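Novice: Read off the chains here:
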Amino acid sequence: MAHLPLGQQLLDSCAALLLLLSFAMLSQRRVVTLVNLYAVQGAVLAAATLLLAWRTGETHLYISAALTVGLKVVLLPWLLYRLIRKLEVYRDTEPLFNVSGTMLVGLVIVVFAFSLAQPITRLASTATRSSIGIAIAVVLLSFLMMITRRKAISQVMGFLSMENGVLFGAMSASYGMPMVVELGIALDVLVAVLVLGVFFFQIRERFDSLDLHHLESLKERE
Amino acid sequence: MSAIDWITQVLEVVAAVAAAPALLGWLNQCRAWLQNRRAPSLWLPYRNLHKLFRKEAVIAENASPLFRIAPYVVFGTMGLAAGIIPSMGTQLPLVGSADAIALVGLFAAARMFMTLAAMDVGTAFGTMGARREMMVGFLAEPALLMVIFVASQISSSTALPVITEHLASGRLGLSPGLAFSAVAFILVLLAENARIPVDNPATHLELTMIHEAMVLEYSARHLALMEWAAQLKLFNYICIGFALFFPWGVATAHIGPVGLVVAIPALAIKLAVAGAGLAVIETLSAKLRVMRIPEFLGTAFLLAVLGLLVHVLLGT
Chain X
1034 MAHLPLGQQL LDSCAALLLL LSFAMLSQRR VVTLVNLYAV QGAVLAAATL LLAWRTGETH
1094 LYISAALTVG LKVVLLPWLL YRLIRKLEVY RDTEPLFNVS GTMLVGLVIV VFAFSLAQPI
1154 TRLASTATRS SIGIAIAVVL LSFLMMITRR KAISQVMGFL SMENGVLFGA MSASYGMPMV
1214 VELGIALDVL VAVLVLGVFF FQIRERFDSL DLHHLESLKE RE
Chain U
2 MSAIDWITQV LEVVAAVAAA PALLGWLNQC RAWLQNRRAP SLWLPYRNLH KLFRKEAVIA
62 ENASPLFRIA PYVVFGTMGL AAGIIPSMGT QLPLVGSADA IALVGLFAAA RMFMTLAAMD
122 VGTAFGTMGA RREMMVGFLA EPALLMVIFV ASQISSSTAL PVITEHLASG RLGLSPGLAF
182 SAVAFILVLL AENARIPVDN PATHLELTMI HEAMVLEYSA RHLALMEWAA QLKLFNYICI
242 GFALFFPWGV ATAHIGPVGL VVAIPALAIK LAVAGAGLAV IETLSAKLRV MRIPEFLGTA
302 FLLAVLGLLV HVLLGT
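Taken in sequence, the protein lines are chains X and U. Residues 1034 to 1255 in the numbering used here are what the first sequence spells out, letter by letter. Residues 2 to 317 in the numbering used here are what the second sequence spells out, letter by letter.
Same shape as in the complex, but just chain X (with noise of 0.2 Å):
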């Protein structure tokens, strides 16, 4: 570390942080609290993607970091916050797993991620190529969340983690995707909430709750 500048030390500070904030989505079980983090994610990837444009000079990953913003730190949590209101579904039930376990299970997928980022680490030839198995492991992580939990709403939060971590793995791998692929994506993903906001209210009059357990059974039982 010792010779680094500065915005690399920031970087990498903030791919740190990025890591950390997967983990601290792991562990909660209040919804509201999980997307005040997801808040705090979008936050810090746009940090990180400013840092870089600053450091490369790359123009178009000023307009992304403004489209991060303005998706995943505003109008995202906005959305989901209303969501919850309406639903009102304010913790998830006990997950899957308990917390502790999930947690090895998560530093196990962690040791995974870095290992196999070091190949492609030594081939990329930007200079954020250290942060590519951080990307990996928040995408991991997030794949991790929606399996460990039975409410609709969260495993949505772990989807939308995952799309963090994808970009963030393209930011560190080759600077940022075309733009065409990134306004691509951010229509994706809102588009996504939308419909899955529809979704929820859909199973909750079905089963009377969102919890995703209701859907494994494919007969009706009378």
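Just to be clear, a hint being listed does not mean it is correct.
[Unchecked claim] Selected chain X positions facing chain U (in silico; Cβ < 7 Å):
hint : residue
1    : S1133
2    : F1147
3    : Q1151
[As the list claims (entries may be wrong)] Stretch by stretch, here's where chain X covers chain U in the computed footprint (C-beta under 8 Å, at least three residues):
hint : stretch
4    : 177-190
5    : 289-303
No wet-lab data here; the hints were simulated from the structure. Please read all numbers here as calculations on a predicted model, not as lab measurements. Note that beta-carbon positions come from the ideal geometry of N, C-alpha and C, so glycine has one too.
Knowing the structure of chain X, use the given hints to seat chain U on it.
Specialist: Relative to chain X, chain U alone:
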């Protein structure tokens, strides 16, 4: 080894033993101020010790010799630990004999004697306290070791003075790994010293007490030594924190004897700030249920391991 090194060494141990009650007094004073109570005197812990030493010791009939020896062993271990931690200078003659891992082992030995003594008389409370202490200990120890490993990987040594020298040299920038392990260390410190989120040092409530339950059978000079050892343990832990994360002001090798003149006030200021900080943490947080303690310490372990992994990934 020159004479000045030996002076530093002796001064360090004496200062730790002498100042530990004052640190606790200061911590209690800050807490009282934050909670809008009238603060007790800074010297109250000294008066308490003085009072206890004058009293006649009462020992249970069925107590074994271990019960009598334990306070001396625990106090001695903590005093020895104070000699290994580079709180004032890094050129210590004793340091070659033990590194950071041995230090963790020393703390474990003290805990062992304390829990054995607590179970010795066979009262329900003592046994319960001992069991809880062992639970906290076995969860906190790996986290503490991981914290030390992060710092020792950065400076490629497990000897605390070498780590302190390396970190104090200032060649290090922002290190996310070290920041994570600093947070983990604070969690371990709170748990190991029976501070508020894990144990409440101010009450004897049977449902929640850990440390107080273990020393319930002790009286007079034995109790005084146990209390003093606990204060010394807090002092030691805070000094380990300084050695790993805030090594500024410590007399390093190239500064020489003049460094000691700076090191003593620097240590006093750092201790005052740390005591106030601990008081703030304790005032802001509520006591955890005993069942939640594994989660609390699990978080500490997780943070420390994450710090290690992040350092390995980003530091190369």
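Novice: Decide, hint by hint, whether the structure agrees.
Specialist: Right, here's what the structure says about each hint:
The beta carbon of X/S1133 comes within 4 Å of a beta carbon in chain U, closer than 7 Å, and the hint placing it at the interface holds. The beta carbon of X/F1147 is positioned within 7 Å of a beta carbon in chain U (closest approach about 5 Å), and the interface hint is therefore held. Contact between X/Q1151 and chain U, as hinted, is not supported at the beta carbon level, the nearest pair being about 9 Å apart and thus beyond 7 Å. A count of 4 residues in the stretch 177-190 of chain U with a Cβ less than 8 Å from any Cβ of chain X is obtained; the coverage claim is therefore met, three being the minimum.
With 5 residues bearing a CB less than 8 Å from a CB of chain X, the stretch 289-303 of chain U meets the requirement of three and the coverage assertion stands.
The earlier numbered hint that this structure contradicts is number 3, and it is the only one.
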